[in-house]
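Engineer: As given, the protein sequences belong to chains L and P, one line each in that order.
Per the working numbering: the first sequence = residues 1 to 194.
Per the working numbering: the second sequence = residues 1 to 627.
Just so you know, the hints here were simulated from the structure itself, not pulled from any lab data.
Heads up, a few of these hints could be off.
[Said to hold, decoys possible] Straight-line Cα separation of at most 27 Å, BS3-like style, residue types lysine-lysine; simulated pairs:
| hint | chain 1 | residue 1 | chain 2 | residue 2 |
| --- | --- | --- | --- | --- |
| 1 | L | 87 | L | 19 |
| 2 | P | 216 | P | 578 |
| 3 | P | 537 | L | 19 |
| 4 | L | 19 | P | 176 |
| 5 | L | 159 | L | 87 |
| 6 | P | 28 | P | 537 |
Residues per chain are reported as follows:
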Amino acid sequence: MMMAQIQQKEDRLSLQPKKFVMWLFVFASFMIFAALTSGFMVYAGGRGHALNVILPNIFMYSTGVLIISSVTLFLATRATKRQEVSKQRLFITLTMILGVIFFGLQIDGWRILTEMNIFFVEPNASRSFIYIFTGVHLLHIIAGLLLLTSALYTTYRSKPQSIIQFRLEIASIFWHFLDIIWIYLYVFLLLNQN
Amino acid sequence: MSTVAVHDHSVSHDHDHEHHHHDTFITKYVFSQDHKMIAKQFLITGITMAVIAMLLSILFRIQLAYPDKTFPLLTTLLGRFAPNGRLDPEFYLSLVTIHGTIMVFFVLTAGLSGTFSNLLIPLQVGARDMASPFVNMLSYWFFFGASIVMLSSFFVQKGPAGAGWTIYPPLSALPKAMKGSEMGMTLWLISMVMFIASSLMGGINYVSTVLNMRTKGMDLWKMPLTVWAFFLTAILGILSFPVLVAGVVLLIFDRSFGTSFYLSDIVMNGKLLPYSGGSPILFQHLFWFLGHPEVYIVIMPAMGISSEIIAVNARKPIFGYHAMVYSLIGISTLSFIVWGHHMFVTGMNPFLGGVFMITTLIIAVPSAVKTFNWIATIWRGNIRFTPAMLFAIGLVSFFISGGVTGIFLGNSALDIPLHDTYFVVAHFHLVMGSAAIFGMLAGVYHWFPKLFAGRLMDEKLGYFHFWVTFICAYLVFFPMHFMGLDGVPRRYYAMTEFPAFNHWLSVNTFITWAAIVAALAQVSFLYNFFSSIFFGKRATQNPWNANTLEWTAPMEHIHGNWRGDIPTVYRWPYDYSKPGHDEDFIPQTVPLSETMSSNLPHDFEDNPAGLEIYNEWAKANRPSEVK
Chain L
1 MMMAQIQQKE DRLSLQPKKF VMWLFVFASF MIFAALTSGF MVYAGGRGHA LNVILPNIFM
61 YSTGVLIISS VTLFLATRAT KRQEVSKQRL FITLTMILGV IFFGLQIDGW RILTEMNIFF
121 VEPNASRSFI YIFTGVHLLH IIAGLLLLTS ALYTTYRSKP QSIIQFRLEI ASIFWHFLDI
181 IWIYLYVFLL LNQN
Chain P
1 MSTVAVHDHS VSHDHDHEHH HHDTFITKYV FSQDHKMIAK QFLITGITMA VIAMLLSILF
61 RIQLAYPDKT FPLLTTLLGR FAPNGRLDPE FYLSLVTIHG TIMVFFVLTA GLSGTFSNLL
121 IPLQVGARDM ASPFVNMLSY WFFFGASIVM LSSFFVQKGP AGAGWTIYPP LSALPKAMKG
181 SEMGMTLWLI SMVMFIASSL MGGINYVSTV LNMRTKGMDL WKMPLTVWAF FLTAILGILS
241 FPVLVAGVVL LIFDRSFGTS FYLSDIVMNG KLLPYSGGSP ILFQHLFWFL GHPEVYIVIM
301 PAMGISSEII AVNARKPIFG YHAMVYSLIG ISTLSFIVWG HHMFVTGMNP FLGGVFMITT
361 LIIAVPSAVK TFNWIATIWR GNIRFTPAML FAIGLVSFFI SGGVTGIFLG NSALDIPLHD
421 TYFVVAHFHL VMGSAAIFGM LAGVYHWFPK LFAGRLMDEK LGYFHFWVTF ICAYLVFFPM
481 HFMGLDGVPR RYYAMTEFPA FNHWLSVNTF ITWAAIVAAL AQVSFLYNFF SSIFFGKRAT
541 QNPWNANTLE WTAPMEHIHG NWRGDIPTVY RWPYDYSKPG HDEDFIPQTV PLSETMSSNL
601 PHDFEDNPAG LEIYNEWAKA NRPSEVK
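Use the sequences and the hints to build the structure in full.
Structural biologist: This is the structure in structure tokens:
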């Protein structure tokens with residue numbers, strides 16, 4: 001009994017640094033997006049072309065979907081803390097489905113952009129930047145979906161509650177970050193539409 | 001994030017350590033998750049890469065010294081890269097590029113931080129391993145993969161990348177521009193993406209370990225300067241490497257997909273290419289936003305290592321411990337706002353150039369603080385000239401003589417004539433090349449017993465290695481200042497063919513021979529290093545009588561570093577030659593209650609109860625001193 005208590009205490013102690021690892025990774029990712037948006041400003045502010053694109057509405061819908069997915073993920077976290085396993089699984093799955101829908105909407109956004117004759121490979125690199133922003137963000141979404149999968153998978157294994165909670169926390173830190181970074185990119189593009 | 005790791009490191013009882021781990025060869029030596037083994041992997045890979053980069057430099061030095069002679073041996077060795085006994089001019093550019101890339105990234109970033117952050121952070125802060133041992137292992141294997149990809153570019157038809165280690169577009173963005181922009185450049189980019197992934201994984205681990213896993217009593221102000229330096233270096237890496245990723249991603253799209261982020265108005269073979277509006281300067285901004293912090297990523301670990309070694313071997317507390325930490329923090333912060341000084345001649349607004357000039361010159365302040373503190377630490381110390389100490393002093397010497405020329409180059413007006421001349425080459429080879437290499441070598445000599453279970457390297461060979469390398473490094477780089485002042489440009493295949501620079505040929509020959517002697521001296525190091533792993537003299541557990549925690553760990557490598565509990569820390573790491581103590585060092589694990597005769601009132605700054613006990617003791621034992 002004593003031994004088990006020590007074990008658990010140490011477990012928690014050694015999970016904390018790993019959570020911190022995720023925070024640092026979030027900082028590193030943020031720097032990529034900061035660099036890309038600064039690149040856009042240097043390009044468009046210099047001799048480069050302006051964007052001159054009215055963003056299609058589909059990006060507004062995808063933003064909505066991503067925000068809702070953050071809400072469902074929050075509900076999943078709450079369910080985990082209350083140890084309501086079935087609710088927890090439901091909300092994680094819901095978050096993942098919304099994530100996939102977001103992914104699809106972004107790709108469809110690309111299709112609509114090409115129909116508007118706005119291509120990735122074209123002399124106006126401001127327009128190429130739209131694809132770079134969304135593309136690099138989608139790569140992160142894939143990573144986020146993998147983290148959510150691992151969080152969901154853990155609930156089906158006989159793992160201690162601390163591990164289940166930890167996996168979900170890791171996934172939530174990253175997923176909420178992706179939500180915020182997408183809003184940042186979207187607002188950035190909206191402000192630079194002209 | 002693996003559950004295995006969670007269980008492994010939760011164990012704190014003796015017998016568990018002996019029963020838990022049945023390592024196979026693969027898990028012990030290849031895919032090891034133990035920070036000490038990963039440190040060795042980084043070190044040996046780093047040394048291998050350093051030797052390769054050194055040989056490359058000898059090759060292009062031969063070309064510079066003997067531009068008219070033919071060496072049939074070169075053709076035998078290099079084949080199509082050296083037809084008719086002379087280096088191919090484009091291959092010369094590849095040699096310069098890969099030499100720079102390997103030295104800056106693979107040796108002085110991964111080889112230096114990778115080795116010593118991995119070895120020393122857990123051992124000096126008192127942790128059983130890194131925050132995430134699995135990610136740590138991945139970090140090494142990404143580095144190894146990056147090394148292989150980088151070297152593999154020597155085996156493609158057109159040879160390795162040739163646009164310089166800074167790979168400025170448009171040269172690097174147009175595969176048809178030159179031989180070195182084709183497949184070799186693609187491999188360079190792939191290799192660097194892997195390298196950045198490795199660096200980030202390592203850096204994230206170091207920061208998390210330092211902030212979360214310190215042993216009891218080890219507050220931030222009790223950490224050795226090595227740990228401070230590795231910690232701040234890792235932060236710089238986390239913030240700056242992602243920016244290079246962004247820059248490289250855009251470059252890849254320009255190269256392979258036809259976007260115009262960096263390209264505009266390019267005419268090739270009389271044909272106007274469709275790129276428009278792009279800006280090669282944009283790449284320089286993104287590159288140097290990483291590139292400048294990168295030079296501090298290179299030098300700061302070496303500074304930390306030297307601070308520690310100088311204090312240990314001068315048998316004195318480091319002079320100005322807080323100032324040393326704050327100057328590291330100052331350098332780290334300033335390093336992000338000086339990148340423009342690499343771009344003074346890009347047509348930058350003179351006002352902006354002035355701003356970058358001021359920030360650049362301000363960096364001299366914390367750098368000078370460090371230098372003065374090293375010298376003040378040595379001043380009237382009870383110095384032991386071990387090989388490690390000599391190399392640490394060598395770092396101080398190079399850092400001064402290379403740093404002084406930085407003040408010249410940091411001036412936006414002076415930089416115009418000096419830009420891209422040998423003056424710049426001399427400056428950075430002294431201040432970050434030689435200095436950082438000496439810091440790394442100092443670390444290898446000093447912590448060899450920790451790396452390779454209680455063996456020492458041979459001292460006499462160490463002295464020989466130091467003196468030859470030290471003198472030759474000055475002989476190589478010092479004359480370059482004068483070439484630069486005369487306007488000799490860098491990266492030229494045969495600049496002495498120009499009548500204006502003809503008279504520098506004799507100096508070039510001299511430099512080349514100094515470089516060859518320096519390279520030969522490294523053989524003594526390699527022999528010393530590898531033979532000492534197996535046959536080195538046995539060391540005691542604490543061979544240098546040092547205070548830091550790593551010397552309290554058992555000599556043989558055990559998983560989890562300490563048997564039983566991790567030692568508690570009671571004092572800062574620099575209690576050397578403390579008056580009133582019978583030995584000239586007091587390890588961090590010795591509580592103040594055991595050293596009553598040497599305690600001072602300021603040891604109890606935030607400990608009123610301790611101060612009271614101290615005062616009572618002083619009243620009883622040292623009545624003359626109590627007021």
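Engineer: Run every hint past the structure and note whether it holds.
Structural biologist: Evaluated hints:
1. The suggested pairing of residue 87 of chain L with residue 19 of chain L holds, with an alpha-carbon distance near 24 Å, which does not exceed 27 Å.
2. About 24 Å separates the Cα atoms of residue 216 of chain P and residue 578 of chain P, which keeps this hinted pair within 27 Å; it holds.
3. Simply put, residue 537 of chain P and residue 19 of chain L have alpha-carbon atoms about 43 Å apart, too far for the 27 Å limit, and the pair is violated.
4. Restraint check for residue 19 of chain L and residue 176 of chain P: the C-alpha separation of about 46 Å exceeds 27 Å, so the hint is violated.
5. Restraint check for residue 159 of chain L and residue 87 of chain L: satisfied, since their Cα atoms lie roughly 17 Å apart, inside the 27 Å limit.
6. Straight-line distance between C-alpha atoms of residue 28 of chain P and residue 537 of chain P comes to about 25 Å, which keeps the hinted pair within the 27 Å bound.
Hints 3 and 4, counting from the list given before, are not met by this structure.
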